[in-house]
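Taken in order, these protein sequences are the chains called A and B.
In terms of this note's numbering, the first sequence opens at residue 1 and continues consecutively.
In terms of this note's numbering, the second sequence opens at residue 473 and continues consecutively.
Since the hints were made in silico from the structure, they are not lab data.
The reader is advised that the hints may include incorrect statements.
[Said to hold, decoys possible] To give an idea of the interface, some chain B residues facing chain A are shown, with a C-beta separation under 10 Å as derived from the structure: (1) LEU474; (2) LEU588; (3) THR624; (4) GLN627; (5) GLU629.
Note that the Cβ used here is the ideal one computed from N, Cα and C, for glycine as well.
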Amino acid sequence: MTIKNFYNEMKDEAGQVRPHYASYAAWLSEMPEERLAQKRAEADALFHRHGITFAVYGEGAGTERLIPFDIIPRIIPASEWKTLESGLRQRVKALNLFIHDIYHGQEILKAGHIPADQVLNNAQYRKVMQGVDVPRGIYAHIAGVDVVRAGAGEYYVLEDNLRVPSGVSYMMENRKMMMRLFPRLFSRYRVAPVDRYPDMLLNMLRSVAPTGVTDPTVVVLTPGAYNSAYFEHAFLAQQMGVELVEGQDMFVKDEQVFMRTTQGPQRVDVIYRRVDDDFLDPLAFRPDSVLGVPGILGAYQAGRVTLSNAIGSGVADDKSIYPYVPEMVRFYLGEEPILHNVPTYMCRKKDDLAYVLDHLAELVVKEVHGAGGYGMLVGPAATKAEVEVFREILIKHPERYIAQPTLALSACPTFVESGVAPRHIDLRPFVLSGEEIQLVSGGLTRVALRDGSLVVNSSQGGGTKDTWVLEA
Amino acid sequence: MLSRTADHLYWMARYMERAENIARILDVNHRMSMMPQSRIQEEQAWGATLRIMGLEAAFHQRYAEITPDNVLEFMIFDQDNLSSIRNCLRAARENAHAVRGTLTSELWETTNGTWLKMRDFTQEAFADAGAGEFFEWVKYRSHLSRGVTIGTMLQDEALRFIRIGTFLERADNTARILDVKYQLLLPAGEVEGGAADYYQWSALLRSVSAFEVYRKVYRDLITPARVAELLLLRVDMPRSLARCLKEVYTNLQRVRNAQSAETERQAGELEATLRFGRIDDIVRGGLHNYVIRMLARTQELGNRIADDFLVPVS
């Protein structure tokens, strides 16, 4: 399936190279094919040697694979980024206010802007967090907001990721790779740096330590080496200069969290946790979890340790809550949203469901509680039979689905077997909220490598590109 | 540092050292098998190799006959033998992977690279290249790991636990090599052997890279007592028990914590026993008994270190 009329990042409708790509396009045309091929092979070998891999589920337990990296950068002019950035700040600020609200006064529910049961009965809503105060009132310290360009080039937010969003390590490694492979390009372009991210992350984490702690001990909590994003956990811990711990390394005593070290137990103040809520505390959540720390919820509720992101943040990145985010911006900030949502139909609503069933072959239907690009229907790409099968599922459990029009995602030139061709992309910037809200310029650009595919997730074979935000 | 991290580093080092030592042991046999040998002698020699590693029973579960090919396959490639060279290199890499963030990139890439090459090494390629070349490769990858470790790692706790792991393993392996070879070459407690044994003893010396060293130190005939002295008591010999325990003790002192005093004392006691030992006393009391006791004390030390600093061996 091909989407026609998509926005091409490099060329306009008349086929002219856009101004911010001009220098790159010229450089690319001057480069001999063999040299480019050689550079691509070099990138491959380096990524492999460095072990920058990703474990892909469903391909045999513990298989490590490279996430394919494409050497053609995605370039964003300074002015565009400026608008994007203000929109992201605004959105994340509102999301944090929302999460605080629903675990305290629940004003937005009382005002009737969101059906209460959608929040309070949401699987991600954690009653144990009701009334619990967290440092600075911030819950989603790290937000990965997936943004796409559609139609004539407008940006839309595809989804918010507040539950352990990943990808920032690839963003940094991609930049390192590009600078190593093509140093001369970086004199043609003034590209905003991204290597400050670990510094920013560490500062943010320290700034949300429990009150009274002057020199906070920060750790990264990982499920372990067999987790698909382990590379990133280890990378960030190393870049920040903090310990990478697993649940078994820590214990709780007198509502204080400690880690086991060669010099004895050491107190832990802030945990950047890459473990889901459900697995964090076998005494409070899933009792069969070996990834967590028994009693850590108690320490958290007592304010003796900070978890980033907070327990219960997931309710705000739920696809059933997504349609209400623009309303959150209005309600909490009194502003109009700078960034727009993709028009979304909530199948739990009768009228929306009727529309969706009528237009099933044209829409993208997603599970409200799905992730990673699984369990969805891309109407235009599906066979009649697949559409009908999905229709049955949808009728049985409409509340489990939302639908959106098939977006003509923008495409960026990418190296494929036949040469350079446009492939659809998205962008995941990372927003940090601590003492202040900060972003590195850019983020992770993911690219769907198959011709016409709109699925960019690495777990389904997508690739990545370096993202260049140009300095003004 | 995290106890679990130190544990991974310690085991990374032990497995790398173990792989090297297995390569050395197999190399001895390989060289010896090029000498005229009866079938019985060949079987004894290769059987002794299995006994050194405590793998005789495991071997016989999978193979009917002790032949060079079987033992080599078992000790190099066998995926079910936890101590095969392949599995040791893989375990070294897995432990390194678990604590990548603590290693310099050079050390990680070296360990990872060694494993990737081993993983892709087929038995056909092995037959082509020849056993000798393969053992050389293993030894040199181990040398490389050590060189990269000393050359790049910050001299902090991480390095200390790597060194403790390396030298505990080496002490253990050296003791085993000496004991089994001694028993093989000097059955029934004989003190001297015949001229043909020269090759056996020199093969043993070569396996611990001590042939030239022996010459330098003794400048005389190769005698069993002197070989034992070199491997047990000479602290200037990098692979001797004395040297290994000295390194373990020194590093233990540098990482001491609130509960390691007794472990440190035991390590010091062991180190002093070796430092002040006399070969005549040892031979008179029975070399085999001595080595067995040393092995037990070394293992006990390893367990105590795990309890005090790492993940307790349960």
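Practice problem: Give me the numbers of the hints this structure contradicts, sorted from smallest to largest. | Solution: 3, 4
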